[in-house]
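Counting in this note's numbering, the sequence shown runs from -16 upward without gaps.
Worth flagging that the hints you see were computed from the coordinates, not collected in a lab.
What you are looking at is a predicted structure, and each value in this text was computed from that prediction instead of being measured.
Be aware that a few hints might be false.
Claimed, not checked - Straight-line distance between alpha carbons at most 27 angstroms, and here's what the computed DSSO-like set of lysine-lysine pairs gives:
no., residue 1, residue 2
1, K465, K313
2, K191, K271
3, K191, K159
4, K159, K497
5, K332, K199
6, K459, K497
7, K383, K405
8, K395, K313
9, K465, K383
10, K194, K383
11, K332, K395
12, K465, K332
13, K395, K459
14, K465, K191
15, K191, K267
16, K199, K395
17, K199, K383
18, K313, K237
19, K159, K459
20, K497, K237
21, K332, K450
22, K497, K383
23, K405, K191
24, K267, K150
25, K395, K405
26, K159, K147
27, K383, K237
28, K497, K147
29, K332, K267
30, K450, K395
31, K267, K237
32, K313, K383
33, K199, K150
34, K306, K271
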Amino acid sequence: MEGCNSNSRMLSSTARLLGFMVPLLVVSVMVVVSMGSGSSNWIFASNYYPWTWSSSLSAARNSSAAAFDEAPGEALDLRRRVVGGGQEREEALSADYTLQRSTAAPPLGVLVAEAEPPSDETKVELIITPKQSTVSTIFNNTHALPSTPKISKRFTNFQVLEAKLQKARAAIRSAKNGNTSSDPDYVPSGPVYWNPSSFHRSYLEMEKLFKVFIYKEGEQPIFHNGPCGSIYSMEGNFIYKLETSSFRTQNPDKASVYFLPFSVVSMVHFIYDRGAPDHWLPLKQTVKDYVDLVAGRYPFWNRSLGSDHFMLSCHDWGPELSKSVPELFKNSIRALCNANVSEGFQPSKDVSIPEINLPGGRTNGLIGGPSPSRRPILAFFAGGLHGPIRPILLEHWENKDPEIEVHRYLPKGISYSAMMRKSKFCICPSGYEVASPRMVEALYTGCVPVLVKDGYVPPFSDVLNWKVFSVEVSVKEIPNLKRILAGISTRQYIRMQRRGVAARRHFEVNLPPKRYDVFHMTLHSIWLRRMNIRLNGVEDS
-16 MEGCNSNSRM
-6 LSSTARLLGF
4 MVPLLVVSVM
14 VVVSMGSGSS
24 NWIFASNYYP
34 WTWSSSLSAA
44 RNSSAAAFDE
54 APGEALDLRR
64 RVVGGGQERE
74 EALSADYTLQ
84 RSTAAPPLGV
94 LVAEAEPPSD
104 ETKVELIITP
114 KQSTVSTIFN
124 NTHALPSTPK
134 ISKRFTNFQV
144 LEAKLQKARA
154 AIRSAKNGNT
164 SSDPDYVPSG
174 PVYWNPSSFH
184 RSYLEMEKLF
194 KVFIYKEGEQ
204 PIFHNGPCGS
214 IYSMEGNFIY
224 KLETSSFRTQ
234 NPDKASVYFL
244 PFSVVSMVHF
254 IYDRGAPDHW
264 LPLKQTVKDY
274 VDLVAGRYPF
284 WNRSLGSDHF
294 MLSCHDWGPE
304 LSKSVPELFK
314 NSIRALCNAN
324 VSEGFQPSKD
334 VSIPEINLPG
344 GRTNGLIGGP
354 SPSRRPILAF
364 FAGGLHGPIR
374 PILLEHWENK
384 DPEIEVHRYL
394 PKGISYSAMM
404 RKSKFCICPS
414 GYEVASPRMV
424 EALYTGCVPV
434 LVKDGYVPPF
444 SDVLNWKVFS
454 VEVSVKEIPN
464 LKRILAGIST
474 RQYIRMQRRG
484 VAARRHFEVN
494 LPPKRYDVFH
504 MTLHSIWLRR
514 MNIRLNGVED
524 S
C-alpha cells in the first residue's frame, strides 16, 4: 500500500514538473518560428543539403575546369565577404558577375558563334557552376535552387577564327589514325596520297571554314585579270574563278587569308620595257606600291606582317617580283609554278602549282589515252634548246635510240599529243626555269612523267606522293636514262600508270570548277599553309 502511495506521489511530482515545462517550451518554439519567418537574410550553406548539390556540382566542376583550364583542386570562388548588422556573413554573387580573364582566344572545347557585320566582336556566354566547397546560396520560401550564373565574354572575329582553325587542326590530326569521312563525290584512297584520310578530312574542313578576301584595289589589265589560254593559264583561271567562288568573302574580318590579285604575266606584258636601263624597276615598283596601298587602307597586312596573305604567279619572274617587298618574299604564301628551292621557294609556307598549257582555254581533246599495253614507245620528248638541262638530254639521246624518241623538233605531220599517247614514259626536263607544262600533259594523256629537274618541288606534293606515279631522274643520270626506265618491270609500270590516271583529277581544269580539281587543290594547298601559322599565339590542346 505504501508502495502504491509512493508511486502516486512520484507521478504527482512529475505532473507538476511537466505543467511548468510545457508552457516554457511552447513560448520558445513560438519565438523561433517568429524569427525564422520574419528574416529574409537567413543563409543556408550548401553543405547543409549535400543531397541537393553533390550530383550537379561534380559534373559542373569538370565542365568549369575544362572551359577555363582550371588547375586541379583550385576552386572558382564566387563568394564575397559582407559585413552588416554587427556580424560577418557570406553572400552569393549575383548572376551578372563578370569574370576577368585573359584575352586569349577560346580553347577548342568552347562553342563559338560568328559575329555579323558591322560588329567585330562575338559575344560568347559561358555557363559557370561553382564548386560545392565554395558556394553559399539563398533559398526562397519555396526552397527552389537559384539559376546558374552566366559569365559573358566577348571574342573578336579574329579570335573566333583562330579557335575554329585550331579545332580543324585537331580534326585533321585525328584523321591520321584512319578515321574516314563520308563524301558523296569522292573519297581519297590508295598510295597516290601520303595519308588519304588526313587529306580528306582537311579538304572537308577547308570547305567548311576557308574564306578568302580579295583586295578590290587595282584596275585591269594589271589587277583582277590574267591569261587563260597559254602556258600561264593558271593565273587568269585562278583569279576569275576565285572572284566568283563561294570561298570568297566580302567581309575581310571573316577571312582566313587575303589575296593580292596582281598578274605577273600582265605586268610583263603591259609594263615591262626591254630597253629600260633597269627593266625590273617598274615591275617591282608596281608590286611595292600595291602592297603599300592595301597596308595603308586595311589593318590586316600590318597585323600579320603579310603571313596570312598570298600571291599567285605562273610566270618565271614571279619569285623575283615577290622580292619587291621583303615581307612578301619572307612571310607571305607564294603560289608559284616556278617552285625552285634554290631560288628561295620554301615548301613549308609556299605553294607549288602546276603549269598548264590551255591553247584554247579548254581541256577539250587533251585528256585521255590508250591502255598501257598499246604504248609501243618507251620514252618521248620534243622541245627546243633552252635552259641548261635540255642540251644534255639532246646530246645523249636525240636520234640515238628508236625506243627513246627525243627530238628538238618533231617531223612534219607528227602530232605531239599523239606521240605522248603512244609512249609509256614522257620526259619532262626543266627549261630556263624548273616549271614545265609537260608534267600535266603527261598525266592528261596517261603517260608516266619522268622528272629531270634539280631543286623542284612538284605541285601538291604536300598531299600527293609523286614517287608512286612518276620517275625522278637527276641531271647526272641522263646518260643512264634508258637503263633506268627499262629496269622498271611491266607490273610496276602498270601500277604507276594507273596511279597517274587516278591523280589526274587533281590537275584537271573545269568550267565551272569541280571538287578536288586543280582550282580546289590550289586552294587546299594555300589552306594548309594558313593552318601552319598561328597569328595570336593560340596553342593546340
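### Query
Has the given pair, K199 with K395, been kept, meaning a C-alpha gap of at most 27 angstroms?
violated (48 angstroms)
### Task
Verify the proposed pairing of K332 with K450, using a straight-line Cα cut of 27 angstroms.
holds (22 angstroms)
### Query
Does K159 lie within 27 angstroms of K191 when you go C-alpha to C-alpha?
Given pair K191, K159 holds - Cα atoms ~19 angstroms apart, limit 27 angstroms.
### Query
Do the alpha carbons of K194 and K383 lie within 27 angstroms of each other, as the hint requires?
violated (53 angstroms)
### Message
Given the hinted pair K450 and K395, is their Cα-Cα distance within 27 angstroms?
### Response
Given that 27 angstroms is the threshold and the Cα spacing comes to 35 angstroms, the pair is violated.
### Pair hint K191 and K267, alpha-carbon separation not exceeding 27 angstroms
Violated, at about 36 angstroms.
### Query
Regarding the pair K267 and K150, is the alpha-carbon distance no greater than 27 angstroms?
violated (39 angstroms)
### Message
Just to be careful, I want the Cα atoms of K199 and K150 compared with a cutoff of 27 angstroms; is the pair within it?
### Response
With Cα atoms ~31 angstroms apart, K199 and K150 exceed 27 angstroms; violated.
### Task
Quickly compare the C-alpha distance for K405 and K191 to 27 angstroms and report which way the hint goes.
Not OK: K405 and K191 at ~42 angstroms, beyond 27 angstroms, violated.
### Message
Need the status of pair K313, K237: alpha-carbon distance at most 27 angstroms?
### Response
Holds: K313 and K237 sit about 24 angstroms apart, inside 27 angstroms.
### Message
Hinted pair, alpha-carbon criterion (27 angstroms max): K395, K313. Please report holds or violated.
### Response
violated (48 angstroms)
### Task
For the pair supplied as a hint, K267 and K237, confirm whether the alpha-carbon distance does not exceed 27 angstroms.
Violated, because 30 angstroms separates the two Cα atoms, which is more than 27 angstroms.
Against the hints set out earlier in the document, violations occur for numbers 1, 2, 6, 8, 10, 11, 12, 13, 14, 15, 16, 17, 19, 22, 23, 24, 27, 30, 31, 32, 33.
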